[in-house]
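A.B. asks: Chains as they are written, first to last, in this note's numbering: chain A, 1 to 155; chain B, 1 to 430.
Since the hints were made in silico from the structure, they are not lab data.
Incorrect hints may have been included.
Below, computed lysine to aspartate or glutamate pairings styled on DMTMM-like, alpha-carbon distance capped at 25 angstroms [claimed, not checked]:
#1 K124(A) <-> D46(B)
#2 K24(A) <-> D393(B)
#3 K81(A) <-> E6(A)
#4 K124(A) <-> D375(B)
Short, incomplete list of chain A residues facing chain B, as computed with Cβ under 8 angstroms [as the list claims (entries may be wrong)]:
#5 L38
#6 G61
#7 K79
Just so we're clear, the structure is a prediction, and the values are computed from it rather than from any experiment.
The beta-carbon is built from N, C-alpha and C at its ideal position, and this holds for glycine as well.
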Amino acid sequence: MMDLRELYQDIILDHGRHPRNFRKIEQATHFAQGHNPLCGDRVTVYLALDGERIADVSFQGRGCAISTAAASLMTEVLKDKTIADARALFAQFHARVTGAEAGQDLSEELVEEMDRLEPLTGVKAYPTRVKCATLSWHALEAALSGRDGSTVKTE
Amino acid sequence: MTTASLRSIYPAGPTYPSPASGEGIGRGFDPRRLRREFPIFANNPDLVFLDSGASAQKPRQVIDTLAEFYQRDYANVHRGVYSLSQRSTDAFEEARRIVRAFLNAADERELVFVRNATEAINLVAQSWGAANLKPGDEILISDLEHHSNILPWQQLSDRLALRLVVAPTDETGELDLAQFEARLSPRTKLIAVTHISNVTGVVLPVTRIVELAHERGALVLIDGCQAVPRMPVDVRALACDFYVFSGHKAYGPSGVGVLYGRYDLLEAMPPWQTGGGTILRVGYDHTVYQEPPHRFEAGTPDIAGAVGLARALDFIEALGREAIAEHEAALTGYGVDCLSRIPGVELVAGGQRRLSIVSFNLDGVHPHDVGTVLDQYGVAVRVGHHCAQPLMDKLGLAGTVRASLGVYNDKDDIDRLAAAIEVAREMFAR
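Chain A on its own, in the form it takes in the complex:
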């Protein structure tokens, strides 16, 4: 049996209970909803872009400890990043949680942010929970792609 604490590390339990940036951005330039049809969980990601820079990012919704912590940590690492940084982080994060090969190398700054997301990579041992960790990122991608108000599914 894998140690459950590798999945539910303290930082995940903390962000799951006390999510950061758990609010709506009234002046959002972009937003999109993520939906996991398996469990009915929903998350809405809000973005305030200043040109290419993410001036503010937040989320709302209901979900399990993993999806809530993943969304919370995502908002923390994305603030003041560029859209390109956000996409590079998502690609790297997606690869890490699915156990796939990572694509491009990250800059030093992004490597540090990736390290902050490291606790979530425990989900790769739990295939049914990978979608929980990536739900908010898929919603972010939908929002960035200009599919405002769209709903993406983690399928």
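Start from chain A and add chain B according to the hints.
C.D. replies: Frame of chain A; chain B shown alone:
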């Protein structure tokens, strides 16, 4: 293995103690010994399987029957002139007779093999519904229904401008019969309700529902998915018009299910899916269809599945449905008792008579997280909305954790469930 030899393997087992009284109740049987008949447990020795409500595990005799049938008697049915095809057809039609006896239907032509209960309900909606319902007619369901007993009626209502009316359950989880009766109108043409809720385990008063419906000239379809594997079901005693169930929840193979329909109703219904096996005479301008049930069994059916299902029903009969109901009722009571004692566990109300299903939430912990912790302790439960999102909305829940029982479960399984819930509680305690 015949039913008789099964009985010799499982004679009246040791009495199963009632958790409430501490005294033995009824005949019961020994789930520990019974478990040896299910190879899944030999291959997964630490498995605590509490998800039979989603799909039951298969006894060896059902698995063996499938293999034997394919190895010895398999050919397509109702087509070949050769003896092997006749043997296969005989086995398939014998399976139909076993289903007839199991449900105590009057006539074997009242049993249609389908893929599952979902397909059976869609068949009734698309065939009987489309042929008999007019704009403004009403279909009455309960608020406990599985999506499979909502969506076919919702789609039909949209198409034919019908009204889909929902009767509520009360705060104890029982169907509110007064509210139900108040929703019956002269326009009510069909009542479609579950026999046992797949979310709360409440047993619905289907006999009374049928009486009320028939007094007003409405027909009744009962979704028997959760009832067939665990309690006596007699369609003639119930006097229902349609009764549906899936084989895989009744210890049978997946991919086969049953529609029971009163013969006069089936006889007047047009084919739903058309194709090979449904016809008497085909011309480009006109086709004469077969009588029921073949009219409704287009294409090659799941032949081995039907044969396997019949063996599964034999298995249930050999154990005795009264005995299964007693065993599972006692264990359900034990589960309710155990879980109620865990701080933070909130049980979803399941009425006075709850059978084999206990849904709950752990305060402040998402059902998915509970499910993952339980899985680490070998406890398999279902988490989420259980294909009943409208009911979740009514209860104000994102989902629940659901433990559901089968004949192979015993008190140890409940104890291990409770212990794993305690671990989850501690892990997520602030």
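A.B. asks: Hints first: check each against the structure and report whether it holds.
C.D. replies: Verification of the supplied hints:
no., hint, in the structure
1, K124(A) <-> D46(B), "23 angstroms, holds"
2, K24(A) <-> D393(B), "23 angstroms, holds"
3, K81(A) <-> E6(A), "28 angstroms, violated"
4, K124(A) <-> D375(B), "15 angstroms, holds"
5, L38, "6 angstroms, holds"
6, G61, "10 angstroms, violated"
7, K79, "26 angstroms, violated"
In this structure, the hints that do not hold are numbers 3, 6, 7, in rising order.
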